Amino acid sequence: MTNDALVIGGRPLRSRLFMGTGKFPDNRLIPRAVEASGTEVVTVAVRRVDFDAGEENMAAHVPAGCVLLPNTSGARNAAEAVRIARLARAAGCGDWVKIEVINDNRYLLPDNFETVQATAVLAAEGFIVLPYMSPDLEAARRLADAGAAAVMPLGSPIGSNRGLRTRELLQILIEESALPVIVDAGLGKPSEAAEAMEMGAAAVLVNTAIATARDPVAMARAFSLAVRAGRTAFLSGPAPVREEAYASSPLTGFLYDEE
Amino acid sequence: MGFHTEYQRYKDFPWDSHFDRISGPDIRRILARDTITPLDYLALLSPAAEEYIEEMARKAHLVTVRQFGYTMTLYTPLYLGDHCVNHCVYCGFQANNRFTRRKLDLEEVDAEAALIAATGLRHILILTGESREMTPVSYLRDCVRILGRYFSSVSIEVYPLEEDEYGELIGAGVDGLTMFQEVYNENAYAGLHPAGPKRNYRYRLDAPERACSAGIRTVNVGALLGLHSWRTEAFFTGLHAAYLQRRYPGVEVSMSPPRMRPQLGGFEAPVKVSDRNLVQYILAFRLFLPRGGITLSTRERAELRDRLVPLGVTKMSAGSCTAVGGRTGGEQATAQFDISDDRSVAQMSRMLYNRGYQPVFKDWTAMG
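Protein chains in written order, with our numbering: chain A, 1 to 259; chain B, 1 to 368.
I should point out that these hints are in silico values taken from the structure, not numbers from a laboratory.
From a predicted model like this one, the values you see are computed outputs, not experimental measurements.
Built from N, CA and C at the ideal position, the CB exists for glycine as well.
Hints are not guaranteed to be accurate.
[What the hints assert, rightly or not] Here are the simulated distance ranges between beta carbons:
#1 B:T328 - A:A91: 29 to 37 Å
#2 B:N354 - A:A91: 46 to 54 Å
#3 B:D275 - A:R86: 29 to 37 Å
#4 B:P270 - A:G94: 53 to 61 Å
#5 A:D215 - B:D34: 20 to 28 Å
Only chain B is shown next, with the shape it has when bound in the complex (with noise of 0.2 Å):
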């Protein structure tokens, strides 16, 4: 059971001859329905449907007022750690590349929690490379608990862990789950992973649910564009998120669509993501999961976040930093990506305001 059942039915598609088959009035006829299976949602994904993208946007604008109103909440990232035993050919983070490591110390992550709450943001996200040694679960515990003083929303995006594992942290304060599979397709995945306990797909595709049974409040999941064929990335993101909304009704499901950005190690993404890709892929989600939250990080540039609020994004970074320690200073840090949009959260409300859209900081109350 689990999701991988739902992507073994899909595995062979014939995805080129489908796209081939899906022509504009099968494009009209999908956006005058108010709910779209699978396959529609693929064909909002397909190249047939880019001469509809500014249909599919007024649409998908309408759908998320009504859904979320004029709103859109911000969190920032804050790395932990960047030690990682795994080999991912695209992350900066990865074990081969040489560049001094560090994690903070429960002190720092006092001092940055301070910091980043200073300027009104009450959501946060922890990330961390995959070292169970030098970040463990009981590391991570520990930061959670000093950040529920200063947080409402403890969300984290770390290394797969067990049921049980969750439900540790969850007890501590946790309320989210950002779990990126990366690659959906299997055998990409293989190739993009080739050593590290993160060549296990498996555990990785079912972290999610492992979540959600544990009682996890919300649960984000994502491909990284860039890897693999675009279009059949952001179906089985969409279908993964389907499939956790359908198996946990009280979780909030949402996505994220990631492209590849500049990283130490120089890799070139095989897959180019255009603008226009990505605002398609975020129309034809919208249109999907009517109430799916949809996330957009500081990868993407200023001009395009911008344009990218009213089409169905539903919560921003700001003021983000993604280096261990990067905003207390100190020794000079090495990023996992290089960000795009460095403005702070004092200039990302402005922007919001003057865009007709209510900044929102604190959109859950811990109840630890």
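Bound-form chain A, shown alone (with noise of 0.2 Å):
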């Protein structure tokens, strides 16, 4: 367990909760819960950083030793995304981005085609990318001919809380993608990550089971616990599920009778 750092970027992660600051009912809250998590990548939407605004710029409530990872939360297409992660890199917020394309406003599920293009161009200015996608195997291989440095498929769609409905397309994703899975949104309570860690992603992003649960730095704490939880239990090889209980080898004990 001692060298089961995540790496993504080059850069080693012990925590692998990634955590978004949207929503919540003060920023101050964030570097407590930042605190509580023991997270080291917390996500900001640019859309919301006011770089003159002190108190009220969200960015200034990440803690120092953290890696802050601006999104594109707003951006309907391929251009707006670049456009926007550019406005981070030249704000000072580093060389790391979290790709929304969010072309639908109704269930806010990402458009993994556009996705696809402004990976490419980040990736190729040398961003460190991590796309918001829809869980499809083929968009995740072109995602990382494309660069991305990780796929962040969604387990529900935001800010829903209703877990891993996408279940079967993320166990496919897992298994066959060769970047990290980092589960991201729709997970709206601890034993979901835990569950998702224990089906063998690398991470999980949480923002709003964390932002508008009644105490937010327990919550955070909770769901560091849950995905510490998950992960050892993935290394440690559970035990396979079986469909029924077997009580002994009713078809093949006879074998053993003559000993």
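Put the two chains together into one complex; each comes in its own frame, and the hints tell you how they fit.
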């Protein structure tokens, strides 16, 4: 377990819980939630950042030492995502970027096609690109070819707190993707985060479930524990799940009768 | 095509007999569903649903927090000009009203913008009356360019434009459109708009769609409550928002539920819309369009606005003034209507924090 760091963009990460910063009742809760969760990667919507705004500047609440992961929330196509990413880098937010391209305000589902295009452009410019995506294997392969550092498939639609509704597709991605799979969006409870980690996800990203909890700081800690439990379980090689209970070996027990 | 086709499907709808048939169990069934149909939405607007307003509020609160978190976007209106050629019988700026009209010159726009930006706000909504002569598109474009230096989001609430004109303003930095139909009922509309270009119901009705075609990011629709039956007007507003969301999924669609306020001319609203009615409308809309924005202006008084914070509202105005040049002072200006909540941006922020909500000053990055 001591060498179980997740390495993204050359940076080893001990925590496999990434955190979002939207929806908190007060930005001053963010550093406390980050500390309680031990998270090392914090995503911030560039659309919300006002670099001249002091207290109201969300990025100012991300503790030093964390990787700031600006996201392109609000981008409707590849061109807008690219422009937002460049704005973030020019403003001093570093090289990491989470691509979000959403052209559907009803379900907030990502546009994989435009996401691949934006990833190719930004990766070529030296960004460490983490694209939010619908869990589709072919899209994951194309994102890998385009230079993504990881893929971030959704567990269920953003903010829905419905858990791993895309489980079968996520499992395929985890088994087949050459890139780390970070389950993003839809995780409503720590147990669901643990489940994603048990399945073999490299990490999870949680925002709504922490930010809108009655006690966001305590919930951040709960998610941290769940992610560690799930990861430990995955590394321990969980016993296979059986469809039925077996008391003994009814079909081949006779082979042992002679002994 | 266009929303008018959908409007016509309900034009002769038997509202009263339909409302009579809706029962308590119907409302409970609707509240148990994840997604609701237009007729479910109508049921939530019915008199029968009034008994279930607390249940509606609980669900609307949960849905809103899940979608938007504990946040409230703040913006303020800036009146650029009050010249108007329309004769809307309910409006303080209508052509027949005698008062000294004015518009801001570009230096004054800059001065007002600087004053507003100093409060921390980054979202602004600019308004004019309808006068292509006094406040033409070229003037709006020049104002938008100035405002772009101070604000990350500039929305317009002006007379309806052609698609290429919307495109021109979007190119100058506009990202949002507010266009109230005022009255969806076509017959009532005709009576309330006796003269001027605003008589053209269809041209106004299709304006949000023209802006969507031109690439606008956000569209805000609404009916002015008090001019006609609020239940049916709320229904058509929701239908209109849903229609735009379906046709233009990339656009963020929202609605405002403005109630009539006292204004110059002393027009009496024919329909009374109570606080309870307003709340029912907000809750029903939230459950119908879980991702739809709801904007609440300072037409409503402070105590009521505070209580509406957790019920589905996503955007509120602060530090408002409905008179041209009202912030930088100078000559006495006439307001379009009387505002009911004159709290500053700082006061609104404090109120939101006290209620467990984060005021959001910036929620878009202009990419001009």
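key: Outcome for the supplied range 29 to 37 Å, where the beta carbon pair is T328 (chain B) and A91 (chain A)   = Between T328 (chain B) and A91 (chain A), where Cβ atoms are some 31 Å apart, the hint holds.
key: Outcome for the supplied range 53 to 61 Å, where the beta carbon pair is P270 (chain B) and G94 (chain A)   = holds, 59 Å
message = Tell me if the beta carbons of D215 (chain A) and D34 (chain B) are separated by a distance inside 20 to 28 Å.
response = 27 Å Cβ-Cβ, so the 20 to 28 Å window holds.
message = Taking 29 to 37 Å as the stated bounds, is the beta-carbon spacing between D275 (chain B) and R86 (chain A) within them?
response = violated, 48 Å
task = Take a look at whether the Cβ-Cβ distance between N354 (chain B) and A91 (chain A) falls inside 46 to 54 Å.
result = Once the Cβ atoms are compared, 31 Å apart, the range 46 to 54 Å for A91 (chain A) and N354 (chain B) is violated.
Comparing the model with each earlier hint shows violations of hints 2 and 3; every other hint is respected.
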